[in-house]
Amino acid sequence: MDYTILILALPLLSFLVLALAGMKMPHRVAGAIGTLSLGAVAVLSYLTAFSYFTAERTAEGTYPTLTPWNIDWLPFTQQLHIDMGIMLDPISVMMLIVISTVSLMVHIYSFGYMKGEKGFQRYYAFLSLFTFSMLGLVVATNIFQMYVFWELVGVSSYLLIGFYYTKPEAILASKKAFIVTRFADLGFLIGILIYGYYMQTFTFTPSEEQLMKAGMVLPWALGLMFVGGAGKSAMFPLHIWLPDAMEGPTPVSALIHAATMVVAGVYLVARMFPLFIGFAPSVLHWVAYIGAFTAFYAASVACAQSDIKRVLAFSTISQIGFMMVALGVCTSMNPHEGGLGYMAGMFHLFTHAMFKALLFLGAGCIIHAVHSNEMETMGGLHKYMPITHITFLIACLAIAGIPPFSGFFSKDEILTACFQFSPVIGWVMTIIAGMTAFYMFRLYYCIFWGKENKELHAAHVPHESPLNMTFPLMFLAAVTLIAGFIPFGHFVSANGESYDIHLDIQVAATSIVVALIAIGLATWMYAREKQPVAEMLARRYSGLHRAAYKRFYMDEVWMFVTKRIIFRCISTPLAWFDRHVIDQFMNFMAWCTQAFGVTVQPAQSGRIQTYTMWFLGGIILLTLVLLLF
Amino acid sequence: MEIEIHVIHYLVISTVMMFCGVYGFFTRKNLLALLISVELMLNATNINFAVFNRYLFPGQLEGHFFSLFGIAIAAAETAVAIAIIINVYRNVKHILTDDITDLKG
Amino acid sequence: MNLLSLFVLIPLLMLLGLWIARNVNQVRGVMVAGSSLLLILAAYLTVSYIGLRQAGATEEMLFTDSISWYAPLHICYSVGVDGISVVMLLLSAIIVFTGTFASWKLKPLTKEYFLWFTLLSTGVFGFFISTDLFTMFMFYEVALIPMYLLIGVWGSGRKEYAAMKLTLMLMGGSAFLLIGILGIYYGAGGETMNILEIVQQKIPTEMQRIFFPMVFLGFGVLGALFPFHTWSPDGHASAPTAVSMLHAGVLMKLGGYGCFRIAMYLMPTGAAIWGDFFLVLTTISVVYGAFSAVVQTDLKYINAYSSVSHCGLVLFALLMMTRVSATGAILQMLSHGLMTALFFALIGMIYGRTHTRDIRQLSGLMKIMPFLAVGYVIAGLANLGLPGLSGFVAEMTVFVGSFQNPDLFHRTCTIIATTSIVITAVYILRVVGKILYGTCQNPEHLKLTDATWDERFAVICLIIAVAELGLAPYWVSHLISGSVEPIISQLIH
Amino acid sequence: MGITLQEIAFYAVAVCIIVCSVLAVTTGKILRAATYLLFVLFGTGAIYGILGYTFLSAVQLMVYAGGIVVLYVFSILLTQSDKDMKYHIRRGKLVSVLLTTLIGAGLVLFLLVTNGFALNLIPQGDELPVEQIGQALIGTDKYQFVLPFEVVSFLLLACMIGAILIARKEEKKD
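For the record, the sequence lines run as chains W, A, C and V. For the first sequence, the numbering used here begins at 1 and goes up steadily by one. For the second sequence, the numbering used here begins at 1 and goes up steadily by one. For the third sequence, the numbering used here begins at 1 and goes up steadily by one. For the fourth sequence, the numbering used here begins at 1 and goes up steadily by one.
Hints are supplied without guarantee of correctness; some may be wrong.
Calculated lysine-lysine pairs in the BS3-like style (CA-CA distance at most 27 Å, straight line) [unchecked claim]:
| hint | chain 1 | residue 1 | chain 2 | residue 2 |
| --- | --- | --- | --- | --- |
| 1 | A | K29 | V | K93 |
| 2 | W | K213 | W | K118 |
| 3 | W | K118 | C | K202 |
| 4 | C | K111 | W | K24 |
| 5 | C | K447 | W | K167 |
| 6 | W | K118 | C | K447 |
| 7 | C | K434 | W | K563 |
| 8 | C | K434 | W | K167 |
| 9 | C | K434 | W | K118 |
What the hints contain is simulated information worked out from the structure, not anything from laboratory work.
Chain W extracted, bound-state conformation:
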């Protein structure tokens, strides 16, 4: 499988070419370079997946972990060194497919979406950089390589969010995204440091002996790593950067902030899963609780947003919460005995990437058509944009968990796993799933049905997007339709053995019923031209609505922490202290020297007579001293 190195090399190469020479190329050529290299990467990824999953299983019935390529990049000690390499195991191969597919679709889509934008080449260069980093992250052979690429995806995300660098909001959003994730990465880094020291290795499989010795330290290390993961995956309260990140171009949001980068945290937990299960089950439970709370919080905020990309962003946060819960509720490695969540989480990651990318790309088409993100400028768009409408509906049904769309299957597995863990969390998650269905269909109706903004549409008739934008929609819609029938458990499961997905009728029925009720509610409230119920509710619970619209003031809290505490209470006084205390102390010393000089300067009068007098006086004094002592 030596060709896997190309999966990393091609996007890097295309990044370098575009970054160094891109500005001199015509848009088309630059885009073509990026897209073609990505196409090659996608083909190679499918090839890798095909040959990996069709290869023979090991004696234990698992797929082998392959390392086709590995070099020593930065040595520290005999045991500790950062390697750069490619590791193939079921989840990394699965991620390869997800990333290359979505990325390819986004590349194609961007041809249409970004047409005529200034900095088109730069955009493709950054996309290549991002794809490279994300692929490097998932195939990492060790935790430190993961961190390296983790930082790289952070930077590419920063660059892409700030793509419209003349827009103040975009600048702020990119800065916020980077700093918040950096803050979380600090936890990741410390976690790695602890892990590295006590395990004496950076690989994912430390020796038994070290594991036994480490004892209480390992949960700390894993917990800190989860902090890093929570930052990237926008877990509460580190989620605040993600809604703002929607300032970037919409395809970027589809790729980075919906399908791939934001699930890196989930991937991280999955990567360390054996250690979590074996040595830090309590941390895993915390993962579940945080995930559940985030899912709930984000779902409730999503119900009140008016910017369609923000709604999607919160739905992403909520769905990632689902995946975290799925991983968190696992109690063993065996999928038959409490280890189902692992498979469910990964499955959901897979299906979610597809339909969420689809949703974002659809939203992109809509924004392209009406030149606004706000719901009130939309409504009734189903007449103008049939393809977008249909594919968007498919994605909504998928996320709402309606069979036979892919979301249903993965979400159902998650709910099953939750119910196995505890009925409380099962019911909570079911209700959140219902909320998901509600806000997604609120969004759907507000865009495509509901009250049409006639004036706006008359001035500028919305139109269906060109083929290079609709093709990715149709492709992803097709994937969403069929992905649910993939025997996912066959490929990915906690202990690596083949696992047949079988629906738990009770859970499935419940979730379908809840989803249908929620959809019905949304239809009742939002499908018509007038929306009396929604307005009435918003009026009656205006406080709650406002709070939800303002995302429960989490941003304000963060702004308070950063602006007030870091900026005002730490940095400003420190800088003041530096200038006025430490520096002034140095100046004071200089001043003392000078003052002393000024004081004794009159003695240096230039009068020989005075000098001689002092001289003689000194001699007399010395003589007296010598005489007396």
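With chain W fixed as given, assemble chains A, C and V onto it according to the hints.
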């Protein structure tokens, strides 16, 4: 026949002379008067050289020659000093120490 | 003729050449010829050093040579390099080379400027090749003094004040240093000034207790150790571009290098006694510098405080006293030297065009001078530790290395120090967002042009160096860690 | 043994020197000061003579009394400073000067008295022959002084040139 003058007597003279010079050096403001005081001090030392030579090391001549050279150097010094003073006078019309401050930084 | 002596000889010949040069073009010619020769020499030295090591050379120092200079005090002109000095020489050569291009168009008194600049580099090169305490000290002083004139004459802003402050503080440091060096000399029996021979002697514990802090502080002032760092913001802000580059890039490294090579190597017991105390100071430096940088409004001040933080990390890592952390410290010196030079070069170029360094008055430069802006972003990313650029490699080595020290106190300090990487991101992105992004508010700035060829050349050279170190750190890390070994083994008995 | 003529002469000279020195530094007129200095120099010459250093005495009279004092007088007249010299001196300064001087003199005298010099006697009329002086001045052996002699002559030459240069009237440039 020998003279019965104690060596201290000479030394007292030179001491008095010396300190008169010192006093003059401190109190005078006229450059020439300063120079006169310096001459007094030089003379005092010259006397000491000669006296010590004569009384303590009669066989040798170092003190004697010291005095001799001292006189020569005093002459040189005076010549140069007076030349400077005259030049100063020409430029600033004063030869009082308090007034000559042009060279002070 | 010893290969290393060329490092001093070439600058001296350059001085001669500059002296007889009659016009600006000849001056530039001499500078380019000399500095590129030095760069080639440094590269050649690196290659041959690695070659010798691979061929199995086991001596601690290679290319050694010694000529007695003042016999009564056993002062010799003795030279020799190990991996640490090799990378430092390489760094200095790169900075001098790019600094020449960065000051290509420097106007008044070009010839005199380059004379002092070259004299400064003589000191720097001499310092890194010397193995004799006194010779080292002499070269150290040679490197310090020209700084006063370079800032005082060619600087900007409150240049006289800054130059005076910088010189006085550094001179104060070197006064301590001189006492310390004499203390070492007599402590080791007063028989030799050569570091390699002194290390064989055992300096009495009591003397180490007294003289270690003196030497460490002496070099620490140059390495911007809290609370003796305040010369750095003023000095850097006032210095002309290339001088800032050379000063932050190389001269501040003399501090770290000296602390390691003289203070810790020769006085391990002193290091054990005083280690914790200085560790606290360096930890403060790291965090404090970063926090202070957040609210500055002058580009050079931001960078100067960032230097305080990063150079603090160098001393911090040295005091962690593990092999990996010491390797990390040297890597950090290298990396910080390169990226801070890049930073100062870019700031100088921006300042040369806009005539302001106040971030409140700058905006939207990305559209106006894209090359400089992209360079600035790269420098910023390197500074905040983007993988693939040098900062990441250095910081990670430092942190992993520091964590190898199992003591709880050291652990705590490490964790405190790691927070600086977040703060670094804050101040870097703040600047990038403010001055590069957005739309340009000042109509005057719209007329400005992008970098000229000489500026581009300097910037590209530095970016290549930064990226090389970031992408392929293996050989440098390997080179350094081999040479760190004997020093660290002195420390941990 | 009674007082010899020599001794009488010595004490007379001593009194003269002391009185004249004091007057030289206290008188208000500078021309008078120069005159008192002349007397002091004469007295010094006499003391050299009493000691038997007649050559030195002659040199003293010629160079000092004959040469230098004349120079003084001329320069005093040239610089028009033969006026009243009674400048005001601050009381504090006067006190400190007097204190320094008196303590200094007292200290030196105390040291002289307590040192306990032996009462060595010197032969009367035992002159130092000029020949011996001449030999010593041009010899190069130990206790011979050709080198200082040459040095002093160079010094005098330098002084002469220097004095001329310094005191020369500046040429008026057009």
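Structure-based check of each hint:
Proposed proximity of K29(A) and K93(V) is supported: the alpha carbons are some 13 Å apart, at most 27 Å. This hinted pair does not check out: K213(W) and K118(W) have alpha carbons roughly 57 Å apart, beyond 27 Å. Proposed proximity of K118(W) and K202(C) is contradicted: the alpha carbons are some 68 Å apart, above 27 Å. At most 27 Å may separate the alpha-carbon atoms for a hinted pair to count; K111(C) and K24(W) exceed this at roughly 39 Å.
A hinted pair counts as satisfied when its Cα atoms are at most 27 Å apart, and K447(C) with K167(W) qualifies at roughly 22 Å. For the suggested pair K118(W) and K447(C), the alpha carbons sit about 20 Å apart, so the restraint of at most 27 Å is met. With a C-alpha separation of about 16 Å, the suggested pairing of K434(C) with K563(W) holds against the 27 Å cut-off. With a C-alpha separation of about 12 Å, the suggested pairing of K434(C) with K167(W) holds against the 27 Å cut-off.
At most 27 Å may separate the alpha-carbon atoms for a hinted pair to count; K434(C) and K118(W) meet this at roughly 21 Å.
Violated hints, listed in ascending order, are 2, 3, 4; each of the other numbered hints is respected by the structure.
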